[in-house]
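Those protein sequence lines, which keep their order, are chains Y and L. Quick note, the first sequence lines up with residues 1 to 310 if you use our numbering. Quick note, the second sequence lines up with residues 1 to 319 if you use our numbering.
Keep in mind that the hints are not guaranteed to be accurate.
Derived contacts from chain Y toward chain L, CB cut-off under 7 Å, selection only [to be verified]: (1) Glu22; (2) Arg26; (3) Gly27; (4) Ser36; (5) Leu47; (6) Ala102; (7) Val132; (8) Val133; (9) Ile171; (10) Thr203; (11) Arg206; (12) Val207; (13) Ser225; (14) Gly229; (15) Ile236; (16) Thr292.
No lab work stands behind these hints: they were computed from the structure. If you're wondering where the values come from, they're calculated on a predicted model, not measured in any experiment. Heads up, the beta-carbon is just placed ideally off N, CA and C, and yes, glycines get one too.
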Amino acid sequence: MTAAQAWDVSELQGSPKRHRREAIVRGTVFSAAALSILISVLIVYALLFEALSFMREVDWSTTWGQLGWFPRRNIFDLPTILVATFSVTAIAMLVATPLGLAAAIYLSEYANPRARRVLKPILEILAGIPSVVLGYFALRFIAPNIVSNLFSGAAPANLAAAGIGVGFLTIPLIASISEDALAAVPRSLREASSGLGARKISTTMRVVLPAALSGLTAAFIVAVSRAIGETMVVFIAGGAADSALRSFDPLEPGLTMTAAMASVASGTDNVAGEGPAFQSLFFVGLLLFAMTLVLNLIADRFVRRFRQEY
Amino acid sequence: MAAPSIPTAGSGAATGDILAGLKKKVDVGGTLFRLSLFLSLLVSLLVLVVLVSQVLVDGWPVLTTRFGDFLTTGLGSQPEISGIAQGLRGTFYLCLIVAVVAFPLGVGAAIYLEEYAPSNRLTNFIDINIRNLAGVPSVVYGILGLTIFVKGVGIGAITGGSTPLAAGLTLSALVLPVVIITTAESIRAVPQPLKEAGYGVGATQWEVIKDHVLPYAAPGILTGTLLSIARAAGEAAPLILVGTTTGFLTNIPAWWDVSQVRERFTAMPIIITTWARQPQDGFKVDGAAAAIVVLILFVVLLNSAAILLRNRFEKKRDA
Numbered sequence: 001m002t003a004a005q006a007w008d009v010s011e012l013q014g015s016p017k018r019h020r021r022e023a024i025v026r027g028t029v030f031s032a033a034a035l036s037i038l039i040s041v042l043i044v045y046a047l048l049f050e051a052l053s054f055m056r057e058v059d060w061s062t063t064w065g066q067l068g069w070f071p072r073r074n075i076f077d078l079p080t081i082l083v084a085t086f087s088v089t090a091i092a093m094l095v096a097t098p099l100g101l102a103a104a105i106y107l108s109e110y111a112n113p114r115a116r117r118v119l120k121p122i123l124e125i126l127a128g129i130p131s132v133v134l135g136y137f138a139l140r141f142i143a144p145n146i147v148s149n150l151f152s153g154a155a156p157a158n159l160a161a162a163g164i165g166v167g168f169l170t171i172p173l174i175a176s177i178s179e180d181a182l183a184a185v186p187r188s189l190r191e192a193s194s195g196l197g198a199r200k201i202s203t204t205m206r207v208v209l210p211a212a213l214s215g216l217t218a219a220f221i222v223a224v225s226r227a228i229g230e231t232m233v234v235f236i237a238g239g240a241a242d243s244a245l246r247s248f249d250p251l252e253p254g255l256t257m258t259a260a261m262a263s264v265a266s267g268t269d270n271v272a273g274e275g276p277a278f279q280s281l282f283f284v285g286l287l288l289f290a291m292t293l294v295l296n297l298i299a300d301r302f303v304r305r306f307r308q309e310y
Numbered sequence: 001m002a003a004p005s006i007p008t009a010g011s012g013a014a015t016g017d018i019l020a021g022l023k024k025k026v027d028v029g030g031t032l033f034r035l036s037l038f039l040s041l042l043v044s045l046l047v048l049v050v051l052v053s054q055v056l057v058d059g060w061p062v063l064t065t066r067f068g069d070f071l072t073t074g075l076g077s078q079p080e081i082s083g084i085a086q087g088l089r090g091t092f093y094l095c096l097i098v099a100v101v102a103f104p105l106g107v108g109a110a111i112y113l114e115e116y117a118p119s120n121r122l123t124n125f126i127d128i129n130i131r132n133l134a135g136v137p138s139v140v141y142g143i144l145g146l147t148i149f150v151k152g153v154g155i156g157a158i159t160g161g162s163t164p165l166a167a168g169l170t171l172s173a174l175v176l177p178v179v180i181i182t183t184a185e186s187i188r189a190v191p192q193p194l195k196e197a198g199y200g201v202g203a204t205q206w207e208v209i210k211d212h213v214l215p216y217a218a219p220g221i222l223t224g225t226l227l228s229i230a231r232a233a234g235e236a237a238p239l240i241l242v243g244t245t246t247g248f249l250t251n252i253p254a255w256w257d258v259s260q261v262r263e264r265f266t267a268m269p270i271i272i273t274t275w276a277r278q279p280q281d282g283f284k285v286d287g288a289a290a291a292i293v294v295l296i297l298f299v300v301l302l303n304s305a306a307i308l309l310r311n312r313f314e315k316k317r318d319a
C-alpha cells in the first residue's frame with residue numbers, strides 16, 4: 001500500500017528524454033510536410049513577380065492579331081502559341097486515349113495474372129523513357145516515317161509529329177489511372193452482369209466502363225494537363241527555333257507555350273536578360289500554371305467522386 | 001416390353017440440337033474486341049522496340065568506333081571529337097543532390113501525413129497541395145529554380161548561380177511530391193496490428209515508426225525514390241530554364257571533385273537536346289543518338305531495379 005502511494009503522477013509520464021525526442025521528431029516531419037506549401041508559395045511568387053511587370057510594360061496590341069510569336073522583336077501573339085498548344089494536345093489525346101484505355105481494359109478485364117506480369121512492365125518502361133528521347137524519336141522517326149507518309153506536304157519537322165510523340169508519352173499515364181479506375185469497380189457488378197447471361201464484351205462495355213466513368217474522365221483530364229505541360233518533345237521536334245508564324249495547320253512547324261518558354265530561356269541572351277522577351281517567359285509560365293492547375297483540380301474532383309461511389 | 005427409354009435415332013438428334021444450342025457460340029465480336037485491346041497494348045511495345053532500334057542504328061557509328069572516347073572527352077565544336085564527359089558528371093551530381101535532398105524530405109513529409117497529422121483543414125490543405133504540385137509542369141519548376149535557386153537573394157550566392165546545386169534543388173522540388181505520395185502509399189499499407197504490437201509493449205510513436213513502420217515500408221519507399229531519381233535524370237525542361245550550359249565547357253572536372261556542384265555545368269538531357277537541334281548530322285543524328293543510348297541505359301537500369309525490388313517483395317508478402 002505504501003509503495004503504491006509513493007507513485008507520483010510525474011513518474012507515470014515516462015522519461016522526459018523520450019518525450020522531448022517525440023516532440024523533436026514531430027516538429028521535424030511537420031516542417032518537411034509544410035515545406036510543400038512553401039514550394040507552392042514560391043512557385044506562385046516566382047511566376048507573378050516578373051509576369052506582372054510583363055503585363056505592365058507590354059504593348060497589349062502586340063499580343064493579339066499579329067503574324068506570329070517573335071519575342072525578340074517584341075511581338076507576343078498569344079493565339080500563335082495557344083493554337084499550337086491546342087493542336088499538339090489534341091493530337092496527343094487522339095493517339096493516347098484509345099491506346100491507353102484499351103491497354104487498361106485488357107490488363108484489368110482480360111489478362112490473367114501471368115500475362116499481366118509480362119505486359120504491365122511494357123507500359124512502365126515506356127513511362128520511364130525521358131521526354132528528350134521521345135523528342136528525338138519524333139524528329140527522326142515519327143516525322144519522316146509516319147506523318148510524311150500519311151500527309152504529303154508536311155514540313156520536315158512539324159507539330160503533328162511532336163503531338164504523336166507526346167501521345168506516346170501519355171499512354172502509360174492514361175493506362176495506369178484508367179486501370180486503377182477499372183480495378184475499383186466492384187466484382188459483384190461484373191458477376192451480376194454475367195449471371196444475367198451477358199457476354200464478356202457486354203459486361204465490359206455496358207457495366208464496367210460506365211461504372212468507372214468518373215475515374216476514366218480523371219485519367220483523360222490528367223493526361224490533357226500533362227500534354228499541355230510537356231516541353232521537350234515539342235522543343236526538339238516542333239521545328240521552330242525561337243519564333244513561329246501563326247498557323248492552324250499541325251503539319252507546319254510551331255511553338256507551343258512550353259516550347260516558347262524553353263526557346264526564350266535557351267536563347268543567346270538567356271537567363272541573364274531583362275526586358276519583355278525575358279519576362280514573357282514568366283507570363284506564359286503563369287498562363288500554363290493556371291491552365292494545368294484548373295485541370296488538375298477538376299480531375300481531383302472526379303477521382304474523389306469515384307472514391308465516394310465505391 | 002421394350003427397354004425403357006433407349007434413345008432412338010430421332011430423339012438422339014433432338015438432344016444433340018439442345019446441347020448444341022447450349023454450347024457457347026463463337027463470339028466473333030468479343031474475340032475481335034479482345035484482340036484489338038491486345039493489339040493496342042502491343043503498339044506500346046512496338047513504339048519501344050522501334051525507338052530503341054532507331055537510336056541504336058543512329059548511334060551505331062559512335063558506339064562501335066569511339067565509345068570510350070565519347071564517354072571521356074568533353075563538348076567540342078566538331079561532332080567527331082565531341083563527347084559527353086561533362087554531361088555524365090552533371091547528371092551524376094544532379095541525381096546525388098536529388099537523392100540527398102528529396103529522399104529525407106519526402107519520407108519525412110509522408111511520415112507526418114500518415115502517422116502524425118490530425119485530420120483537420122491544414123492536413124487536408126497540405127494533402128491537396130501536394131497532389132497539385134505533382135501535376136505542375138516541369139518547365140514551371142524551372143521558373144521556380146531560376147527565380148529562387150539561381151537568382152534568389154542569399155540562395156543564389158550559396159548555389160553560385162546556374163550550377164548543379166541550383167538545378168539539383170530545382171529537380172528535388174520537382175520530384176518531392178512524387179516521393180511523398182509513393183512513400184505515403186507504402187506507409188499506409190503497413191498492417192495496423194504491427195503498430196499496435198509496438199504500442200502494446202510501450203514503444204513511443206517514433207519508436208514504432210522507426211523500428212516497425214519504416215522497415216516494413218522500405219521496399220515501397222525505395223522503389224518510389226529510385227523512380228524519382230530516374231525521372232530527375234531525364235528531365236531537361238527545368239534545366240534549360242535554370243540556365244544549364246548549352247554551349248561549350250572547357251574543362252572536365254574529376255569525378256570526385258565536389259566543387260563542381262558550384263560551377264557552370266551541363267547534363268545528359270541538355271546535351272541531347274542541344275545536339276538534336278544542331279544542323280550537322282554528326283551532332284543531330286550520331287552524337288544525339290549515342291548520348292540517348294547512355295541516358296536510356298542509366299534510366300532503364302534505375303527503373304528495372306525499382307520494378308524488380310517491388311516484384312520481389314510483392315511475391316514475398318503474398319507467400
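Looking back at the hints listed earlier, which ones does the structure fail to meet? Hints 3, 10, 11, 12 are the ones this structure does not satisfy, whereas the remaining hints hold.
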